[in-house]
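Construct the complete structure from the given sequences, taking the supplied hints into account.
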Amino acid sequence: LAALRLAGAALLSPGSCTFEDSTCGYQWDYAHLPWTLHGEGHYISVDTSYEGEKAVLSSPDLYSEEWSCIRLIYQIATTSDTSPDPARLNLYLRQEGESFDRLLWSAKEPSDSWLIASLDLTNSTKKYKLVLEGEMGQDKSTSIAVFEIKITSGYCIECDFEENHLCGYMNRWNPNVNWFVGGGNIRNSQSILPKDHTLNSALGHYMYVDSVYVKHFQEVAQLISPRTTAPISGCLSFYYQLKQESSIVFTVYLRDMSGFYEEIWKTDSVLNADWALAEVDFNAPYPMEVIFEVAFNSAKGGYVALDDISFSPVYCSNQTGSPFNPANAGCNFEEDLCNFYQDHKDGPGWSRVKVKRNVYRAGDHTTGFGYYLLANTKFTSQPEYVGRLYGPTLPGNLQFCLRFYYALYGFFKMSGTLAVYIFEENHVVQEKIWSVLDSPKGVWTQAEISFKKPMPCKVVFVSWCKSFWDCGLVALDDVSLSLGSCQAADLLLPSPGECTFEKDECMFTQKKRGRGSWHRKRGPTPTSYTGPRGDHTTGVGYYMYIEASNMVYGQRAYLVSRLLRGTSGKQCLTFFYHMYGAGTGLLSVYLRKERDDDEIPLWRRTGEQSISWLRGLIEYESDTNYQIIFEAIRGVSIRSDTAIDDILFQAGPCLEVEEIQFSSGYPDSLNEIEY
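If you use mature numbering (1 follows the signal peptide of the UniProt record, and there is no 0), the sequence shown corresponds to residues -18 to -1, 1 to 657, in order.
There are no misleading hints in this set.
Quick list of the computed label-pair ranges, beta carbon to beta carbon:
| id | residue 1 | residue 2 | range |
| --- | --- | --- | --- |
| 1 | 531 | 579 | 26 to 34 Å |
| 2 | 258 | 184 | 13 to 21 Å |
| 3 | 497 | 477 | 28 to 36 Å |
| 4 | 606 | 319 | 42 to 50 Å |
| 5 | 261 | 582 | 56 to 64 Å |
| 6 | 575 | 299 | 55 to 63 Å |
| 7 | 411 | 531 | 53 to 61 Å |
| 8 | 319 | 534 | 47 to 55 Å |
Calculated from the structure, these hints are not laboratory results. Computed from a predicted structure; not experimentally measured. Note that the Cβ used here is the ideal one computed from N, Cα and C, for glycine as well.
Written out as C-alpha cells, the structure reads:
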C-alpha cells in the first residue's frame, strides 16, 4: 500500500495535490485563518469556527514553460443563499518580479456537492506560485473546502474522459436524452461500444448519447466544455462513432458569453462503425465554450460516442497568415493617424492637433500633453459639412468592442454631431451604430460599442455640422478595439495593480478620514475655476480629490497604499493628476519601506498645471516590501482642488519618459493649438 501511495504521489505533477495525507508543499499564511487537513476525506478546509476574514494557501515555486491547465475541485457550503457579503474562493497567480497577484478566478456559489473549475495558464518563463484565498464573508456558518488541485500540461478543453471529473465537461440535463459515461466494463446501454479509443480497451471510458428514450421530434443532447480563459486558436480534434437508423445530426458549436452560437463542424451522412477522426479549425479569441450537440428524430435513431478531444495551436488546414491583431485597429494619434485615413473629396475633415498646457482648453486624453484629432467645423463654415475618418478593414464574423474618447465644444445642440458608421467592404451598405446624444461640454467622454458583422467591414467616424449657426469642434482620441463584446470585457477580471476608483479606493487607505482628507467623487467639484469637470477613466466616473474649501492653507491629506511586495528590478507607476486653480498647492508621491519611517520622495508638482488631466510616470525600485503615498497640500486659496485618477503599477522600467514641465502659473501663450 505504501509503495502504491508513493507511486501515486510520484505521478502528481508539481503544484498538484489530492490532500490525502499532506498538503504537497502548499503552505498557509499564519497571519490569517488556519486551513485544516482532513486526511480521511481527502480535502483541506477553512470555516467560521475561527474568527477572521480569510485564509490563504500558497503553492511551492512552480514553472510552466508549456501551456497548462489548472483544475480545482472545491465546495462552498453555507446556511444562507442570499448573504450581502457571501463567502468566496479566489485563485491568484503570484509571478516572480510582480508586486501584485493576478486574480485568475473567483467563485461564490454555494453548493451541496463538489464543483470543478478549469483554468488555462499560458506558458511563461517566469517562476510563479498559485495562491488560494478563502474569504469568509458575513454568513454565520460557512465552510470552504478544496478537494484537489491538478496541474496538467495541455489545454483545458482537452479530455480523454478517464477521470471521474470528466475534465469539467458538463451534460446539459434533458428529461429524455443525455450524454453518459460509457466503458469501464459497465454494461449500461443497448448501444454500448466494445472498446474506447484512448486505451482501445473495454476498461477505458468515453462519452455517448443514444436515442432509446427519445419521446419527441428533434430531441437534443448537449455536452459543454469548460469555458476557455485565455485566447486560443488552432486545431480542435476528436474521435467519434456514429450509428444511425434514422437521421442523427451531430454538430459542434462555439458559444460565447453573450450566448451566441457559431457552428464549426457537422457530420456528413457517412456511417462510422469504427472510431473516426474529426478535425476542425478553432478560434477563441475571447472566452468561449465548445458544445457537442446531438439531435435525434426518433427513438430508433441510433447513438453517437465521443472520445479523446485534443487541441493543437497549429491550424488543421494549411492556413497561412497571422490571426487578426485588434491592436492594429486602434490609435492614440501621438505619432500619426496609424491605420486610419480620410477621403479627401470630403474636404479638410479631421486634423491632428496638439494643445500646449493651459487653463482654458483641455489637451489630449492620452497624456494631457499629446496629439488628438479635431474636426473643426468652424474653419469650413459650410452647413451640412461632413468629415469622415475611415478605420482599417476588420474581418467578418468576429465580435468586436470599439472604445474611444470624444469631446465637443461650441455646439448649441450636441445630438448627432459625431456618429459612428459601419461600412461593409463593397461600400454600398452603411449602418449607423452610434451617435452622440448629449455629453458634458469639453470633457473627454468614453463611448463603447459592441458589434459583429458577417462580412469584412470598416468603422467610420463622421463629424457633422448641421447649419451655419451651429458648428463647433469635435475632438477624438484613444480609439481602441478588442475582441469580444464590451459587456463580456466588463466581466473580465481586473488588471492587477490598477485602480480607477470606479468601485472603491482599491489598494489605498487613509489613516484618518474627515473633511480634510481625500474624497471619492464623480462630476465637477463644488468650487468654480478649480478641480476637474469629470474623471479621466470615462468622463462620467469617479476620481479622488481634496476639497480645498474644507481645509486650511498648508493642510495635508495622505492616500496610502497597502503593503506591496518588494521585487528585484525596476517598477513603473503611472497615474493621472489634475491641478487646476489659481491657488493650487503641492502634489507629491513618496515611497516608504517596511519597518522604516523614512519617506523617499519620488515625484512632485507645485502650483497650477493645466485644466487637463496630465499623466505622471515614476520609475522606482524596492527589493523590500513598501507602500506608495500620495500627499496633497492645500494651497493659498480655495481654488486649489487637486485630483488623481487611473493609477497603474507595472513590473519593468517605464517605456516612455514623462514630459517634465515644471510650472507655477500660466504658459506664455494660452489656448494655442499646434497643427
